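Take the given structure of chain A and dock chain B to it, following the hints.
Taken in order, these protein sequences are the chains called A and B.
What the first sequence shows, in this note's numbering, is residues 1 to 362, in sequence order.
What the second sequence shows, in this note's numbering, is residues 363 to 752, in sequence order.
Check each hint, because a few of them may be wrong.
Claimed, not checked - Computed Cβ-Cβ distance ranges for the label pairs, DEER-style: (1) A:PRO332 / B:CYS377: 50 to 56 Å; (2) B:PRO721 / A:LEU52: 52 to 58 Å; (3) B:ASP609 / A:ALA220: 35 to 41 Å; (4) B:ILE730 / A:ARG120: 45 to 51 Å; (5) A:ALA154 / B:GLY475: 53 to 59 Å; (6) B:ILE643 / A:VAL48: 56 to 62 Å; (7) A:ALA213 / B:PRO716: 35 to 41 Å; (8) B:ILE643 / A:LEU52: 45 to 51 Å; (9) B:GLY475 / A:SER51: 55 to 61 Å; (10) A:LEU52 / B:PRO724: 55 to 61 Å.
No lab work stands behind these hints: they were computed from the structure.
Source: prediction; values computed, not measured.
Backbone N, C-alpha and C fix where the C-beta goes; we use that ideal spot for every residue, glycine too.
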Amino acid sequence: MSRLLGVLLTVSVLASPVSSQDSLIARLRRQADSLLSAWRDAQKLAAVADSLEQVRATAGSDTIAVGGLRIIANPSPLPLREAAERAWPVIDSLYGSAVEDLPRYPFIFRAVDPDSSVRRTVLHVGVELPWDLDVRASTNVLLTTVTAPHFDPALADWLGAALRPTLRPEDERAAVFVQLVTAPSEAVRGCFLGDIARCKDVLQLGDSTGLLARWYVTPAEREALVTGSFTDYFARGATAITLQNCRQHRDDACTALLQALPPGSLPRPLGPAARLVLVREALRAGGRDAYRRLVASPNTAIEARLSSAARMDIDSLVARWRNGVVAARPKPLTLPWWAGFAAIGWTAFFGFCALRSSRWRL
Amino acid sequence: MASVRRWVLIGLTACSVLALAYLPPRGVKSSGKSVFVGQSLQATRARQYAQALAEEWRNADAVVHLLEDRQRVKRDFSRASPTMVFRGATLPPNAVRNVETVMDSVWRGLGLGETKVRVTVVIELQRPGSVDTPTPLQDRVAYLTPDTTDRTTCMVSLPAGAYWTLFILGKRDARHEGFGRFAQWLQAGLGPCAFYAAYGTPGRPVRSWLAARNWDVGLYLGSHGIAGERFSSLDLMGNPGFSGFWDAVYSLPPATVACLAGRRRGCRAAVLAGAADEGAIPIPNVILVKRRWWRVQHLLPGERYLGDVARTVGRDRFLSFWTSGQPVDTALAAALKRSVGEWTADWERGFVRPIRLGPTPPLGATVIAVAIAVLVLTVVAATASRRQVR
Chain A
1 MSRLLGVLLT
11 VSVLASPVSS
21 QDSLIARLRR
31 QADSLLSAWR
41 DAQKLAAVAD
51 SLEQVRATAG
61 SDTIAVGGLR
71 IIANPSPLPL
81 REAAERAWPV
91 IDSLYGSAVE
101 DLPRYPFIFR
111 AVDPDSSVRR
121 TVLHVGVELP
131 WDLDVRASTN
141 VLLTTVTAPH
151 FDPALADWLG
161 AALRPTLRPE
171 DERAAVFVQL
181 VTAPSEAVRG
191 CFLGDIARCK
201 DVLQLGDSTG
211 LLARWYVTPA
221 EREALVTGSF
231 TDYFARGATA
241 ITLQNCRQHR
251 DDACTALLQA
261 LPPGSLPRPL
271 GPAARLVLVR
281 EALRAGGRDA
291 YRRLVASPNT
301 AIEARLSSAA
311 RMDIDSLVAR
321 WRNGVVAARP
331 KPLTLPWWAG
341 FAAIGWTAFF
351 GFCALRSSRW
361 RL
Chain B
363 MASVRRWVLI
373 GLTACSVLAL
383 AYLPPRGVKS
393 SGKSVFVGQS
403 LQATRARQYA
413 QALAEEWRNA
423 DAVVHLLEDR
433 QRVKRDFSRA
443 SPTMVFRGAT
453 LPPNAVRNVE
463 TVMDSVWRGL
473 GLGETKVRVT
483 VVIELQRPGS
493 VDTPTPLQDR
503 VAYLTPDTTD
513 RTTCMVSLPA
523 GAYWTLFILG
533 KRDARHEGFG
543 RFAQWLQAGL
553 GPCAFYAAYG
563 TPGRPVRSWL
573 AARNWDVGLY
583 LGSHGIAGER
593 FSSLDLMGNP
603 GFSGFWDAVY
613 SLPPATVACL
623 AGRRRGCRAA
633 VLAGAADEGA
643 IPIPNVILVK
653 RRWWRVQHLL
663 PGERYLGDVA
673 RTVGRDRFLS
683 FWTSGQPVDT
693 ALAAALKRSV
703 GEWTADWERG
713 FVRPIRLGPT
723 PPLGATVIAV
733 AIAVLVLTVV
743 AATASRRQVR
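In isolation and in its complexed conformation, chain A is listed as follows:
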């Protein structure tokens, strides 16, 4: 009898942690379920509150409609209609048929006095703007805050910057020209000289393996990259000796350091503007449905997507991009013929004055 009692007692002691854990899980599960139920109710209330807030925030506001743009703003001196008239053609030409849904996403602006120190009410809906913006600044606000049509992460990742409509695309191309002629990379120089395969490399189109060797071709470039951008990063701990070797022009050390960088940290030889110009070129070439085609298949390689958007093969598109960029060469500073003589004249005049004056005269 006593043995039976002993066995029962042992079994109950051994089982108690398991049963207590079961009850703990059940208690925590109930707590989580109760929180979930409370969250669902709170979500419904929040949806109502947000909707009421939207109505309150837009009450007494004017609605401006230009093309597919809808702007809801309180009465103010802001030149929103003029800005919308300038912004709409630019937006329409970039996104094409993909902006059909744009009227569903109106801009909501709250124009406020920029010089007042009166405390402003908390902003729950829309964007605050100072009411002394001119047409150009207001247009830029519309262009930078427009709800862009669907844009997948893979494309955004490759692009490295937001694709936004711009009033001055020629400035972007000129900036890329400057990159082409100043980037310390043989590959970029090759692209500038018309090697389309090099252009594809530096634009990160196609094969993504061995980027280090293709972007930074010569040992001097790799050394300059390490010593110019990553000295602080590699100067401590186990990599300090390798850094010293790299500084002593040992390419294997420089290459090893660059290969040890975290993913995505290797600086691209060309900035995001170069890829933005390429996408704009593809959209321009592809017509009104180009944007739709660009975002239609997010799992496809970027070069295939660009090619499909532009309706031309990728080499032709890249060549077109390069030609556009080279044509956008910034105007060199031209001096009038007499400027050189004027400079020499002034130099001679001040030299003469200096020679004529005595040492002690003030």
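Relative to the frame of chain A, chain B by itself:
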């Protein structure tokens, strides 16, 4: 009287010259426009309340899942390394094998084999959100440490996010070094469970100390940086040449800043923060490491501190500290065979050159100030020495 008037005139003229030089004449317009700072959008109160409830639910849900998985998951006794479980999608067998292979190599790299405390890693693959439930925990890692109900299992809930989900499912190549980076991610994800596996359950004082500071000094057992060869939480602060670095420095607790400056007392205080608290250790003990964990560290790069201590002092001495019943400062100093502050200050210098604290006047300004002071004192002394009392 005439000389006084002359001096008054000279004084007034000097003041006028100064006023003309420094005060702009009336009617001048401001050179630039006033800077307008628009308000950032705030959620309505009702929305904020819903978000707070969602946050509570995420934490509660993570705890329940960890407990349920601990009961449910069958250990894979064929492998010494952690048992891998995937939630959110059914993986093809070769994908599972790939992940297990990487984990095996990580485990060997940490010098671990068969361990008394076994680790189970639940990888939460990203799935599309549902309108019925808040988005599940995707921005923090959760650990369930061994307790009285299960003394030999440490659970890890590791959200894979979009990038590693696609990689595990074989839909995306990891950039550059592929498996190397994936291994780094898995190793960093083991967190406190790696310590449990390597050294067993810590003694009560150490457990209480680590719980009080949310394990910020025991997040990473590996010998490399937590996010790459050299990458530690210190690198996230940026470069000392930029103002952002100093903003980050002065948002840290005073002892942490003092330690960055190489002060031993500061280092000691930073290490022993939470050691005096005799707080009860909750059961179940779930450690939630938030996405921006480096912002709440008491020591930089604290995530590898205990790992470095263990590597420096060797297994036996570290075990004597880990399982000690003595107060943390005594046990740690005994293991290090040096004072905690001294050792930690030296350790800190291995990562960052001690920052300079306090005012740092430029040399030129100091020389000018001293020269003026000497001149004034000389004039006063000369005047005083010539003064005669009649």
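Tell me, in ascending order, the numbers of any earlier hints that this structure violates. When the structure is compared with the hints, numbers 5 and 6 turn out to be violated.
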